[in-house]
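Residue numbers (the numbering used here), protein chains in the order written: chain A, 1 to 142; chain B, 143 to 459; chain C, 460 to 951.
Quick caveat, the hints were computed from the structure, so don't treat them as lab data.
Keep in mind that the hints are not guaranteed to be accurate.
Simulated restraints, written as ranges between beta carbons of each label pair [to be verified]:
1) SER419/B x GLN754/C: 52 to 60 angstroms
2) THR274/B x LEU514/C: 40 to 48 angstroms
3) GLN244/B x PRO87/A: 32 to 40 angstroms
4) GLY80/A x ASP918/C: 48 to 56 angstroms
5) PRO835/C x ALA111/A: 27 to 35 angstroms
6) ARG704/C x GLY17/A: 52 to 60 angstroms
7) SER414/B x ASP918/C: 44 to 52 angstroms
8) SER414/B x LEU480/C: 25 to 33 angstroms
9) ASP247/B x PRO87/A: 28 to 36 angstroms
10) ASP270/B x GLY468/C: 45 to 53 angstroms
Beta carbons: idealized from backbone N, C-alpha and C, even for Gly.
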Amino acid sequence: MIADRILGLALIALGLGAAWSAMQLQVPFAADPLGPSPFPTTVALVIALCGLAILLRPMHGFAWPERALAPPLLVVAMVGYALLMVPLGFLVSSALMATAVALLFGARIVASGVLGVTTAVALWLLFDKLLDLPLPRGILSL
Amino acid sequence: MQRRSLILATLAAPAIRPAWAQEGPITIVAPFTPGTGIDIMARLAAPVLQAALGQSVVVENRPGASGAIGTQHVARAAPDGRTLLMQVNTFVMAPPMFRGAQPYDPVGQFTPIIHLTNGDLVLAVNPDIAATTLAEFVALARTRSLDYGSPGNGTPQHLAMELLRQTAAIPEMNHVPYRGSAPAIQDLIGRRLAAMVLPIHTALPLAEAGRVRMLAVGSPARVAAAPQLPTFAEAGVAGADVDLWYGLLGPAGMPPAMVERLRAVLSEWVRSAPAQSALTAQGMQPVGDGPVEFARLIAADQARWTRVVRTANIVAE
Amino acid sequence: MDVFSALGGGFGVALQPGNLLLAFIGCILGTAIGVLPGIGPLNAIALLLPFCLALRLPPESALILLAAVYYGSGYGGRITAILLNMPGEPSAVLTTLDGHPLAKQGRGGAALAISGIGSFVGATLSVVAMTFLSVPLAKVAVAFSPADYVALIAFALSLLGAVSDGPAVKAWAAGCLGLLLAMVGVDSGTGVERYTLGSLELLGGIDFTVLAIGLFAIGEILLLIETRLRVEAAKLGGGEPLRLREVIFCLPAMLRATGIGFVIGVLPGAGASVASALSYTAEKRLNEANGKFGQGDMRGVAAPETADNAAQIGNLVPMLSLGIPGSGTTAVLLGALLMYNITPGPLLFEQRPEVAWGLIASMYIGNAMLLLLNLPLVGIFARLLTVPAWVLYPGVLALSFAGVYAASNSAFDLLLAVAFGVMGWLFRKMEIPLVPIVLGFVLGRMLEDNLRRAMSLSDGDIWALVGSPVSMVLWAMTVAAVLWPMARALRR
Numbered sequence: 001m002i003a004d005r006i007l008g009l010a011l012i013a014l015g016l017g018a019a020w021s022a023m024q025l026q027v028p029f030a031a032d033p034l035g036p037s038p039f040p041t042t043v044a045l046v047i048a049l050c051g052l053a054i055l056l057r058p059m060h061g062f063a064w065p066e067r068a069l070a071p072p073l074l075v076v077a078m079v080g081y082a083l084l085m086v087p088l089g090f091l092v093s094s095a096l097m098a099t100a101v102a103l104l105f106g107a108r109i110v111a112s113g114v115l116g117v118t119t120a121v122a123l124w125l126l127f128d129k130l131l132d133l134p135l136p137r138g139i140l141s142l
Numbered sequence: 143m144q145r146r147s148l149i150l151a152t153l154a155a156p157a158i159r160p161a162w163a164q165e166g167p168i169t170i171v172a173p174f175t176p177g178t179g180i181d182i183m184a185r186l187a188a189p190v191l192q193a194a195l196g197q198s199v200v201v202e203n204r205p206g207a208s209g210a211i212g213t214q215h216v217a218r219a220a221p222d223g224r225t226l227l228m229q230v231n232t233f234v235m236a237p238p239m240f241r242g243a244q245p246y247d248p249v250g251q252f253t254p255i256i257h258l259t260n261g262d263l264v265l266a267v268n269p270d271i272a273a274t275t276l277a278e279f280v281a282l283a284r285t286r287s288l289d290y291g292s293p294g295n296g297t298p299q300h301l302a303m304e305l306l307r308q309t310a311a312i313p314e315m316n317h318v319p320y321r322g323s324a325p326a327i328q329d330l331i332g333r334r335l336a337a338m339v340l341p342i343h344t345a346l347p348l349a350e351a352g353r354v355r356m357l358a359v360g361s362p363a364r365v366a367a368a369p370q371l372p373t374f375a376e377a378g379v380a381g382a383d384v385d386l387w388y389g390l391l392g393p394a395g396m397p398p399a400m401v402e403r404l405r406a407v408l409s410e411w412v413r414s415a416p417a418q419s420a421l422t423a424q425g426m427q428p429v430g431d432g433p434v435e436f437a438r439l440i441a442a443d444q445a446r447w448t449r450v451v452r453t454a455n456i457v458a459e
Numbered sequence: 460m461d462v463f464s465a466l467g468g469g470f471g472v473a474l475q476p477g478n479l480l481l482a483f484i485g486c487i488l489g490t491a492i493g494v495l496p497g498i499g500p501l502n503a504i505a506l507l508l509p510f511c512l513a514l515r516l517p518p519e520s521a522l523i524l525l526a527a528v529y530y531g532s533g534y535g536g537r538i539t540a541i542l543l544n545m546p547g548e549p550s551a552v553l554t555t556l557d558g559h560p561l562a563k564q565g566r567g568g569a570a571l572a573i574s575g576i577g578s579f580v581g582a583t584l585s586v587v588a589m590t591f592l593s594v595p596l597a598k599v600a601v602a603f604s605p606a607d608y609v610a611l612i613a614f615a616l617s618l619l620g621a622v623s624d625g626p627a628v629k630a631w632a633a634g635c636l637g638l639l640l641a642m643v644g645v646d647s648g649t650g651v652e653r654y655t656l657g658s659l660e661l662l663g664g665i666d667f668t669v670l671a672i673g674l675f676a677i678g679e680i681l682l683l684i685e686t687r688l689r690v691e692a693a694k695l696g697g698g699e700p701l702r703l704r705e706v707i708f709c710l711p712a713m714l715r716a717t718g719i720g721f722v723i724g725v726l727p728g729a730g731a732s733v734a735s736a737l738s739y740t741a742e743k744r745l746n747e748a749n750g751k752f753g754q755g756d757m758r759g760v761a762a763p764e765t766a767d768n769a770a771q772i773g774n775l776v777p778m779l780s781l782g783i784p785g786s787g788t789t790a791v792l793l794g795a796l797l798m799y800n801i802t803p804g805p806l807l808f809e810q811r812p813e814v815a816w817g818l819i820a821s822m823y824i825g826n827a828m829l830l831l832l833n834l835p836l837v838g839i840f841a842r843l844l845t846v847p848a849w850v851l852y853p854g855v856l857a858l859s860f861a862g863v864y865a866a867s868n869s870a871f872d873l874l875l876a877v878a879f880g881v882m883g884w885l886f887r888k889m890e891i892p893l894v895p896i897v898l899g900f901v902l903g904r905m906l907e908d909n910l911r912r913a914m915s916l917s918d919g920d921i922w923a924l925v926g927s928p929v930s931m932v933l934w935a936m937t938v939a940a941v942l943w944p945m946a947r948a949l950r951r
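Work out the full structure, taking the sequences as your base and the hints as a guide.
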């Protein structure tokens, strides 16, 4: 129940914030009678109203995950992947990420490592060689 | 597909290597959506450059904000010949429309490479409008505020109509901006819009089918595609000449040898027979002027259109 | 009849061995590309255009190849939508609603099969409709004013409350959130920045791929990783294949979907998303008594698929008769035609009938080819799910990231995708449906554009929005669709 209340509050905050931001827009010259503000403002206010409805009539609880640490760890892995892809290059960062994710899914260390490298190499061949879509080289100047 | 042509081109291009020491694809940024005039020009030019330079050349669409987003991207890119920009007069028309910080400086942040083609624009009205000549249109427009469409704020079509309005002393016209030409044409045919400035190759088939009526052409002289159309000047409104120019640019500071290489390749292509026929079908005439003339055109156009934009703003408020 | 002989001529062109081979290659290439996240049919078509010119392919052949690639990629998007809950393009989003539950019940192959069959039926019937109704429909297309579009899209969005099983208010919040996300970026009409939070990368707006991959792919993986260490994969491949009885069961739905899809497709810009959304919700409402929509009802896959394909054929009507591209891809096809010095428009049918009819026939052949190619392979595709999670999902993740990066060259987009992923995960845990977010996102821009155009044309007169009979009817239906679930909730 409390999860829904928090959700309701969050939506109200988001809606009001977005509406306020839209109303602050300064239009240098009038291109059309409506302008860029009314539509986002209305939509944002509807979100706030929905938030209010959810706050007043909460319906659902939050089911804590069985393995509470796994999702946050995965998020860390993905953020790391996103940040490291350019400096380390696609091959290295993908291998690391794939290994980490496989481990998080419960595979053994050696298997994860093998998978990580295989996946990275296979994808790199697909994108860089076959499709001619360059991926970052990073620390390997191949 | 691209691999094979790349390998062939690389084998055939050892002599051309010197000007392009870097590896990796060359990107021509087309700051508008696929299917627009700029996008087509970019896609026509890409294989030509690819064959001549031995490098893979790709077209990247980065639409938004009247082309400002893609253009900004190129302004910030390194001047190593790997990022190029295909643009149309909107290039100089868009910046003055941004009050506050201008998104880019068309003169200072870019290296003009080649002025590729010119396109003709015509004034078209929907069949219900009671005007068969430009003079009648002007008279009608002075009696009530007509609705006209354009593919977006700051596009050549928009500003051309503005320039016409100012030059012909029409007190007010209601501009309806659209996202691209297609929905605007739809409303023009559907008689919700009174008039629109269109590229000639778009207007011709519609006029032949009776869906729109062309009144006059904006070029300085009559055009072969529609010789019966008077020019704006002939029809009574002098000084409102408009046309579309398409050109290729790069970020400021490109080495002159590189610029010359690109200019030479494209200039030769634009004057070749297959290119001429492809371009004429688009209502464009090949030009092929180099960086010096192109820079002059950009500067002159910038002054001209900035004036139009500022004047229009004052009236709108 | 003259029109028949012209269509026959078109088929004659499309059925030449060379062109059939091109269709075959196009379908395979397209499917492969469609499975890859981030790479869409637009990229593929744009890549192939210079190739077509270099090979000096005649325009009909080039169009056949491009149409086949386009269809193939749509199908590839269905494969990931059904098997992995990862829609490859906006119109595949609705397929996930019933397609993925079916896959989890082991019937992924059956879902893919009905998707292919639905597409084929939609295309076939639409081609027939187009043959006879092109000319009158083109007039209808042009008569639709911006105000009418507003009413239509508002109606489509109002049905969002019905799309999912959960509480309607959460669906609406989700839909509005999608609308808001669509407005991030520079407003093209006035040049002001909206919701960009000072970030340069957001100036261009949010990419659909980033949103879809984040919400669906990353969100899904976050959800999966919560539970048991090893996902039991054995049963996922063993479900029953599609039975003829089921196909016949879906036929009425497919017929209705064709009607809805084709008519909406004819309206330029309305697009396949509106069509598939409307047909899905229509089917759900019509079959409220005996349907299990949302848990794996075959009609929940058949209807949007059929509508989507019918809409794509419908899209050709304004393009071929008026030169107005109906969607992003028809715009690229238009560009392709222009490169061959062919200007689509009212004269195309007279001057270059072989191109016009060849295009129509090619879209039909593309669908047929896809069905022939993919039905036997559907079982193999479905086996994808038997791969253990620790092997499959790292690959899916890396593939998604590679696709996003290759398309946008920006690490920011990757981070944004992860952010959406977290959002998608949390939302699913709180029973907030994801499909309305995507629908709101896709339709938001269209809605706002048309609203502002309508206001421009009417000089700010808001009553213009209900000015025509069409808009009045649609608004009435919208109000009903919004009030109905509220009335039902209050009665409880």
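Right, here's what the structure says about each hint:
1. The given range of 52 to 60 angstroms is respected by SER419/B and GLN754/C, whose C-beta atoms sit roughly 59 angstroms from each other.
2. Distance hint check: the CB atoms of THR274/B and LEU514/C are about 47 angstroms apart, consistent with the given range 40 to 48 angstroms.
3. The beta-carbon spacing between GLN244/B and PRO87/A, approximately 33 angstroms, falls within the hinted interval of 32 to 40 angstroms.
4. A hinted range of 48 to 56 angstroms holds for the C-beta pair GLY80/A and ASP918/C, which are about 54 angstroms apart.
5. For PRO835/C and ALA111/A, the Cβ-Cβ distance of about 32 angstroms falls inside the hinted range of 27 to 35 angstroms, so the restraint holds.
6. Against the hinted window of 52 to 60 angstroms, the Cβ-Cβ separation of ARG704/C and GLY17/A comes to about 53 angstroms, which satisfies the hint.
7. Under the hint 44 to 52 angstroms, the C-beta atoms of SER414/B and ASP918/C, about 50 angstroms apart, fit the expected range.
8. Roughly 31 angstroms separates the CB atoms of SER414/B and LEU480/C, a value that falls within the hinted 25 to 33 angstroms.
9. Checking the proposed 28 to 36 angstroms range against ASP247/B and PRO87/A shows it holds: the Cβ atoms sit about 32 angstroms from each other.
10. The supplied range of 45 to 53 angstroms is broken by ASP270/B and GLY468/C, whose beta-carbon atoms lie about 36 angstroms from each other.
Checked against the numbered hints above, the structure breaks only hint 10 and satisfies the rest.
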